[in-house]
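Protein sequence lines correspond, in order, to chains A, B, C and D.
Take the first sequence: its letters are residues 91 to 356, numbered as in our numbering.
Take the second sequence: its letters are residues 91 to 356, numbered as in our numbering.
Take the third sequence: its letters are residues 91 to 356, numbered as in our numbering.
Take the fourth sequence: its letters are residues 91 to 356, numbered as in our numbering.
There's no promise every hint is true.
A pair counts as met if it fits within one copy or between any two copies, since identical chains are not told apart.
As a list, the in silico BS3-like pairs of lysine-lysine whose alpha-carbon atoms are at most 30 angstroms apart [claimed, not checked]:
1. K324 to K101
2. K183 to K320
3. K134 to K208
4. K181 to K241
5. K211 to K194
6. K130 to K307
7. K241 to K140
8. K287 to K320
9. K230 to K130
Source of the hints: derived by calculation from the structure; they are not laboratory data.
Predicted model only: the values in this text are computed from it and were never measured.
4 protein chains.
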Amino acid sequence: MRFGIVSRVDKKEAVDVAKKVIDFLSDKAEVVVEKKLGEKIGKKGLPLKKIKVDIMVTIGGDGTILRTLQNCDIPVFGINAGAVGFLTEIKPKNMIPALGRILKKDYIIDKRIKLEVKLNKKELCDCTNEAVLHTSHIAKMRRFEIYIDDKMAEDIRADGIIVATPTGSTCYAMSAGSPILDSRVNAFVIAPIAPFKLSARPIVVPASSRIRIRIDKDDCLLVLDGQYEKKIGKNDTVSFTVSKIPARFVRFDHDFYKRIREGLIL
Amino acid sequence: MRFGIVSRVDKKEAVDVAKKVIDFLSDKAEVVVEKKLGEKIGKKGLPLKKIKVDIMVTIGGDGTILRTLQNCDIPVFGINAGAVGFLTEIKPKNMIPALGRILKKDYIIDKRIKLEVKLNKKELCDCTNEAVLHTSHIAKMRRFEIYIDDKMAEDIRADGIIVATPTGSTCYAMSAGSPILDSRVNAFVIAPIAPFKLSARPIVVPASSRIRIRIDKDDCLLVLDGQYEKKIGKNDTVSFTVSKIPARFVRFDHDFYKRIREGLIL
Amino acid sequence: MRFGIVSRVDKKEAVDVAKKVIDFLSDKAEVVVEKKLGEKIGKKGLPLKKIKVDIMVTIGGDGTILRTLQNCDIPVFGINAGAVGFLTEIKPKNMIPALGRILKKDYIIDKRIKLEVKLNKKELCDCTNEAVLHTSHIAKMRRFEIYIDDKMAEDIRADGIIVATPTGSTCYAMSAGSPILDSRVNAFVIAPIAPFKLSARPIVVPASSRIRIRIDKDDCLLVLDGQYEKKIGKNDTVSFTVSKIPARFVRFDHDFYKRIREGLIL
Amino acid sequence: MRFGIVSRVDKKEAVDVAKKVIDFLSDKAEVVVEKKLGEKIGKKGLPLKKIKVDIMVTIGGDGTILRTLQNCDIPVFGINAGAVGFLTEIKPKNMIPALGRILKKDYIIDKRIKLEVKLNKKELCDCTNEAVLHTSHIAKMRRFEIYIDDKMAEDIRADGIIVATPTGSTCYAMSAGSPILDSRVNAFVIAPIAPFKLSARPIVVPASSRIRIRIDKDDCLLVLDGQYEKKIGKNDTVSFTVSKIPARFVRFDHDFYKRIREGLIL
C-alpha cells in the first residue's frame, strides 16, 4: 500500500502528528510526503499534483482536505489537527489504531459529488464543499441572476450566492440558511448570503442541472472551497455542473447523521 | 379520448365552470363526471375510484387535485376555481383553448414523486404534497424522533414534523422553512414546525430512503395532503418511502421556476 | 418574612423537594402552602389566589411559575424540578444556601412586563410568556389580520400567531423564529407560526401599543402561557396591551445573557 | 422658511428634479444648494456641514438621505430619484403639491433614534440605518465577541455583525434575518451575517445599552450607513450607543406599517 502525507506546516502540533504518522507507516507501507512538509521535516517531498498513492493522509483541518482534493483524485483520510474538522475522520489520539485498520483494508470509501466550475467555458478547479460568488465591495450588495438549465430561477440582490454540494451544505452554506442535504442526495443547493428580498429561499437542484450566474457589476469575487479566488465582472459567465470526479473519503462507518450532529457548531 | 370531471360543489363558481367544461367536451370526447358533481347538476356520476379515463379535469383549488390524486392514478388537468392554486394549470378564462390543445394531444405530462405512508406497516393513502405529524394538543409541543434508514437523524421537540415531496416543498413545508426543491430532485424534505431547538434545520433525504418517526405521547395527528386524518400514539410507527405510483400533471410547458415564482404567496 | 409554597404534586421528586423547603423555612419564617400541596403532604393549605406572602417559592418547571404568576402578584422564586426550567432560578441541590440568602434579604427583584389579554373587551388572565392564537383544526391554516394601534400591520395566513413578552421571546416564540429580546426592552414581539407568506417576519412593537388580531373562521384557540385555553371565532376581537402588573422574579444577579445561553435548547 | 437642496449629481434625472424643486421654491422661500449640486447647475453652493436651514430636501435614494443625516442635524424631506427609496417620502411626480404642503407647515416630524459609533473611544459619525463590522477577506469568517453593558452576550464566527436602528431593521439588517422593529421601539437590533453557529439569533437590546464588539483578527472593516469605511483590527474596540441627536424626517402621516409594506422588496 502507498500513502501520501499532507500536513499544515504553520502549526507545530500538526507537524508533530505528521511525524508520528510517518514513523508508524514507514515500515509497513510506502510513504510519500508533500513537498512543503518534506522541507519542514528534512525529507524529500513531491508537489501534491505529482503524488500517486492509494490513500492521502491529511493532517490539519478542513482546509487541508479541500486543498488536497482540489489537486488530486485520491481517497483522503483526514486527521484533525485544526479548528474546523467537519471533513476529517479522526482525532490524533485515535489515529494509530485507525491507521492499523486501513493497513488491513478494514475501511470503506464514502464517495461525494463535487462541483465543476467554469468561467466563460474555461474550467477552474472542482469544489468539494462550495463555490461562492460575492461582492468584493463589503456591505455593497450586487444583483445576481441565477439560471437553471437556461431558465431564470432567481433574480436577487444579495451580498453573495453560495452553490454547495451535499458535503458543503453543513459548512458555509449552512451559515446562509441552507438545509442539511443527506450526503447521498444527488443535488446541489443554491443559497443567497444576506439576500435583500424577503421571499428568497435556498433552492435545491438536481446534480444533473447546469447552474449559471450572472452579475450586474464588475467587482465580484469567486471563491472556490475557500482556497482559490478569482475576480469576476459583469460580462463573465460562471457556471456549475457536477464533476466527473467524485471526492472520496476513507471512513469506518456510513453514519452520516452521527457525523453531522457531532460536527455541527451549535 | 375519455375525460373525467371532478369539481368542488360547494362553490357556485366552480360548478358553473364545470358545466362549461362538460358542454365543450361532450361532443368531442367521452365525459364521465364524479358522483357528487353529477348529483349537483342532474347527471349520472361515478365515485372517484371507479372512474377510468385518460385525463381527469379538476375544477377547484389544490385540495380538489390532491383528493383526486389520492384516489386515482390518472393524469390531472387542474382548472383553478379556488383560493390556493399552486398545482392547478390554468384559469377558467383560458380553459377552452387549453382543452382544445389537450384534445389535439398537444400537451406534456409532468411526473412527480409521491410519498407512500405506512402506519404500523399498514399502507395509508399516498401524498402528492406532504404528510404532517402534529401534536393534537394546540400549543403543547411533542418530542419527535426521526430515523433515516434506521439511523437516528434528529430528536426534537416541536409542534409537528412535515415530510414533503418536491411538489410539496413550496406549500405547507415552505411555511415551516423548507427550501424550494426543483421538481426533478429525487428527494424528500423533512421540516419541523415550530421546533424548540435552535439548531433545527430542514433535512433533504434521498427518495430511496425510509423515513420513520416516533412520538413520545398518545395525542398526535397524522394529516395526509390536508385531506386525510388519523390519530397517532406513542406505540405507533409512521414510515415514509417513495410511492411506486407518481403523480402526473397535464402541462403545456416544463418551466418549473416560472410556475413557482408566479404561484408563491410573497 | 412570609413564604408561600407551590409545587407540582404529580411528581414525587417535586413533592420531596417541597417538603425539604418547608422543613428548612418553617422555624425561620412563616410558611403557607398551596391547597393541592397541603392535601398531598397532610398540611392545611390555601388556594393560590388567597395566599398573601412576601415571596412565592415554586417547585416544578416553567408551567408551575406561569400558573403562579397568573394567579398572584407576588415575587416568585423558582426551584427547578421539571423538564423545562427557563424561568426557574436554581436547582434543588443549591436551594438551601439560596433560601438562606433570601432570608438575609440578599437578593434582587427582576421585574418583567406582562401582557394583558382582552377578549371582546373582557379581561382574561395576564401572560408572563406569551399568548397564542392558533387554528384549532390541525394543518389547516387560518387568515390573521394584525392591527397595531388600529393600523393594519400584517394580513397573513398561518397556523397561528404568537404575541410574546421579552421573557417569552426565548420560549415558544423562539420556535417560531422570534429574535431574543433583552429582558429590559420595553416591547412585545409578534411572530407567526408556519406563515404561508414568504415575506412574513416577526415584528417588534412598543409595549405601549395595542395589538389586535382578527381571524376569518370560527375555529381558533387562544392559549395563554400554555395554561389557559379559550375558543375564538371570527366575530371575536382579541387584544393585547401591557399589563399594569409586572412579573417579579427573585434573583441573585442580573446576568440576562448568561441565563439565556445556559437555558436555551441548542 | 429656508430650504437646503442636496441631490445626486451623477444622474441627470435627479439633477432635473433638483432644478424643478429650486424653481418652485425660489420665489416662495430662501433656498441654499449643496456645493456639488451648485457646480453642476451653475449656482453658488455651500458644503453640507455649513448649510443652516429649516428643511433639507434630498433628491436621490436612501444613500443621499443617509449622507445628509451624517452631516447635519436638520429635518430631511426625501424625493425619490434613486433605486432604493426606503427612507424617501415622495416620488417626483407628487413633489409639487407636497412642497406646497410643507410651505404651509402642513407636515409632521418623524423622529428616529440614531446610533453613535466609537472606535477606541473616538467618536465616528452617527448612523441612521446601521453599522456593519465585516471580515474584509471575502468568504473568510471572523470571530466576533459581542458585549452588552460589559456582559458577554454572544461569541460567534460569522461574515459580519450588523447593529441596526429600528429604521435600519428593514434595510441591510433585514437581509441578515432581523425582525421588523416598529419605528417607535426604543431599541437596537444586533444581527449576524452568515453566522457559522446554528443557534445564532438576532438580539434586540434597549437603546440605553452600550454594545461593544471585539474581533479576533486584524482584517475587518467597519461600514457606517454604507457611506463611511474604516479598517478595524483585533486590538480595536468598537462601541455603539444611542446618539444624542435623532434623525428627523418630514412626513405627511405616521403610518409606519403602510410605509414598510410598500417599501419592502418582496
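Hint-by-hint comparison with the structure:
no.	hint	verdict
1	K324 to K101	between (40 angstroms within a copy, 21 angstroms between copies)
2	K183 to K320	neither (38 angstroms within a copy, 44 angstroms between copies)
3	K134 to K208	neither (35 angstroms within a copy, 53 angstroms between copies)
4	K181 to K241	between (45 angstroms within a copy, 23 angstroms between copies)
5	K211 to K194	neither (44 angstroms within a copy, 41 angstroms between copies)
6	K130 to K307	between (43 angstroms within a copy, 26 angstroms between copies)
7	K241 to K140	neither (41 angstroms within a copy, 40 angstroms between copies)
8	K287 to K320	both (27 angstroms within a copy, 27 angstroms between copies)
9	K230 to K130	between (42 angstroms within a copy, 26 angstroms between copies)
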